[in-house]
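*Asks:* Take these sequences, add in the hints, and give me the full structure.
Here the sequence shown stands for residues 112 to 505, where the numbers follow the working numbering.
Read the hints as simulated data drawn from the structure, not as lab findings. Keep in mind the model is a prediction, meaning the values are calculated, not measured. Cβ atoms here follow ideal geometry from the backbone N, Cα and C, with glycine treated the same way. Treat each hint with caution, since some may be false.
[To be verified] Simulated restraints on C-beta separations:
(1) S402 with S213: 36 to 46 Å
(2) T431 with E405: 56 to 66 Å
(3) L434 with K243: 41 to 51 Å
(4) M468 with P323: 53 to 63 Å
(5) P503 with R188: 39 to 49 Å
(6) S402 with R445: 12 to 22 Å
(7) P214 with R445: 25 to 35 Å
(8) R188 with P404: 47 to 57 Å
(9) N268 with I226: 10 to 20 Å
(10) V482 with P174: 48 to 58 Å
(11) G155 with A244: 52 to 62 Å
(12) R263 with E405: 14 to 24 Å
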Amino acid sequence: MRRGFLKSPGALSIAPREPGPSAALPKAKAPSVQSRPQAAPGDGLTRVVELHPRIVCSDIRLPPERAPHFMYLPPGRADMVFVDYLENLQAMARWPVWSQCSPDVPTGSSPLYEIRGIPGKGLGMVAQRHLKAGELIVSERPVYAQRADLPRSSDFNYFNGLPYIAPVSGLSPSAQASIYSLTTAFGTKRHRLAGIFHTNNLELDITHEPDPQNRFVGCFPTIARANHDCSPNSNYYFVFGSFSGQLRAMRDIEEGEEITISYCDALAPRVERQAALERLFCFTCGCPSCSLPEREGRLSDERRARLDTLVASIEQPSATVTLEQLRDGLQYSRQESLYAKYAQVLFYGSGTLLCRMDLQNGLEWARMAKVEYLTLEGEDSATLKALSSLLPHL
112 MRRGFLKSPG ALSIAPREPG PSAALPKAKA PSVQSRPQAA PGDGLTRVVE LHPRIVCSDI
172 RLPPERAPHF MYLPPGRADM VFVDYLENLQ AMARWPVWSQ CSPDVPTGSS PLYEIRGIPG
232 KGLGMVAQRH LKAGELIVSE RPVYAQRADL PRSSDFNYFN GLPYIAPVSG LSPSAQASIY
292 SLTTAFGTKR HRLAGIFHTN NLELDITHEP DPQNRFVGCF PTIARANHDC SPNSNYYFVF
352 GSFSGQLRAM RDIEEGEEIT ISYCDALAPR VERQAALERL FCFTCGCPSC SLPEREGRLS
412 DERRARLDTL VASIEQPSAT VTLEQLRDGL QYSRQESLYA KYAQVLFYGS GTLLCRMDLQ
472 NGLEWARMAK VEYLTLEGED SATLKALSSL LPHL
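*Replies:* Structural data, given as structure tokens:
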């Protein structure tokens with residue numbers, strides 16, 4: 112699978128965030144090392160600074176307050192590694208979530224999907240039975256996660272893989288195998304691990320409020336098998352209460368149908384989507400939306416452009432956008448099979464309608480948005496909880 116960083120519908124900027132494990136996460140800073148470092152085996156650049164959980168300084172040449180560190184979780188095991196500043200890792204180590212088992216997906220009498228070869232795509236995820244809209248397909252914790260932007264020495268780069276080799280080498284054999292089983296879109300242009308993570312990482316929404324200084328990404332070996340479609344049938348959402356990524360069906364998916372997500376800005380014109388996918392992941396998209404005849408393709412681009420303009424105009428409640436324009440946005444979303452955008456229009460639109468003192472339609476749109484976010488993100492959805500807390504008071 113080829114993929115880059117995504118924005119999930121759960122990252123809506125006006126939705127309140129629920130208290131969770133990230134409430135203990137400090138801002139992007141690093142403290143001094145208080146415990147006496149121990150030498151770690153390997154290249155001589157790393158040192159163990161704590162043992163339970165195991166936390167390692169990645170580059171002893173950097174001042175401790177600037178050096179990235181990596182921590183293996185759960186404590187006493189090495190199923191996952193997280194890379195960040197030491198103080199932040201020490202705070203994360205105290206989160207109660209690590210004493211909980213990794214969430215599983217009940218499959219009933221038959222498996223939900225299989226991983227198999229897809230012509231022209233490599234491996235992909237295919238439904239093994241009919242999947243209902245809203246059904247949870249995958250729930251898993253990342254095997255590798257990190258702060259998106261960390262300072263590195265000049266010789267720690269994508270080409271030699273030094274930012275990744277030491278953290279991955281301390282993982283359990285099964286975790287390492289799951290990482291190395293994934294595809295890199297960059298061939299020999301980057302170290303294999305750098306290519307794997309840059310191809311497959313997804314955003315982790317683990318801060319209390321959306322914060323550009325606290326961006327995190329992670330690699331989910333199973334979710335990584337979902338290939339791209341410009342009108343995907345599934346949605347990725349990160350649940351920080353269980354520290355797991357979830358993949359849900361956004362619509363009914365038939366047995367034998369490929370399970371897909373989107374790797375790019377779904378509202379960009381077709382030529383821009385294809386250029387971005389070629390540049391970032393080295394493939395040409397041949398999904399149904401990109402394979403439309405010229406006239407139908409232009410109409411699709413126009414609908415997506417209008418939808419993009421509408422969503423941008425209602426992210427904050429607007430007194431100028433009309434109910435007719437909002438209904439047009441829902442129609443464009445349906446025509447393009449963009450289910451996450453359909454939910455966004457309902458959610459933002461409810462705020463706009465309430466701003467216009469249209470209480471009847473505003474409340475109805477909020478109720479419809481609640482149903483859609485339950486389908487997209489499940490009961491742990493921050494947006495769903497925000498709507499649930501809002502509706503009883505209106």
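*Asks:* Within 10 to 20 Å: is that where the Cβ-Cβ distance between N268 and I226 falls?
*Replies:* With Cβ atoms ~32 Å apart, the hint is violated.
*Asks:* Against the range 56 to 66 Å, how does the distance between the Cβ atoms of T431 and E405 compare: consistent or not?
*Replies:* Violated, since T431 and E405 (Cβ atoms, about 34 Å apart) do not stay within the stated range.
*Asks:* 53 to 63 Å was suggested as the range; check whether the CB atoms of M468 and P323 agree with it.
*Replies:* Violated, since M468 and P323 (Cβ atoms, about 34 Å apart) do not stay within the stated range.
*Asks:* Should the hint that R188 and P404 are 47 to 57 Å apart at their CB atoms be regarded as holding?
*Replies:* Once the Cβ atoms are compared, 54 Å apart, the range 47 to 57 Å for P404 and R188 holds.
*Asks:* Could you check the hint for me, namely that P503 and R188 are 39 to 49 Å apart, CB to CB?
*Replies:* holds (42 Å)
*Asks:* State, for the Cβ atoms of G155 and A244, whether the hinted interval 52 to 62 Å holds or is violated.
*Replies:* holds (54 Å)
*Asks:* Would you say the C-beta atoms of L434 and K243 sit inside 41 to 51 Å of each other?
*Replies:* The hinted range 41 to 51 Å is violated for L434 and K243, with Cβ atoms some 31 Å apart.
*Asks:* Holds or violated: the 48 to 58 Å window for the beta-carbon distance between V482 and P174?
*Replies:* This hint holds: roughly 51 Å between Cβ atoms.
*Asks:* Taking the beta carbons of P214 and R445, is their distance inside 25 to 35 Å?
*Replies:* Cβ of P214 to Cβ of R445: about 32 Å, so the range 25 to 35 Å holds.
*Asks:* Indicate whether the distance between the beta carbons of R263 and E405 respects the range 14 to 24 Å.
*Replies:* violated (46 Å)
*Asks:* Just to be sure I understand the hint, the distance between the Cβ atoms of S402 and R445 should be within 12 to 22 Å; is that true here?
*Replies:* holds (20 Å)
*Asks:* Is 36 to 46 Å a correct range for the gap between the Cβ atoms of S402 and S213?
*Replies:* holds (38 Å)
Comparing the model with each numbered hint stated earlier shows that hints 2, 3, 4, 9, 12 do not hold.
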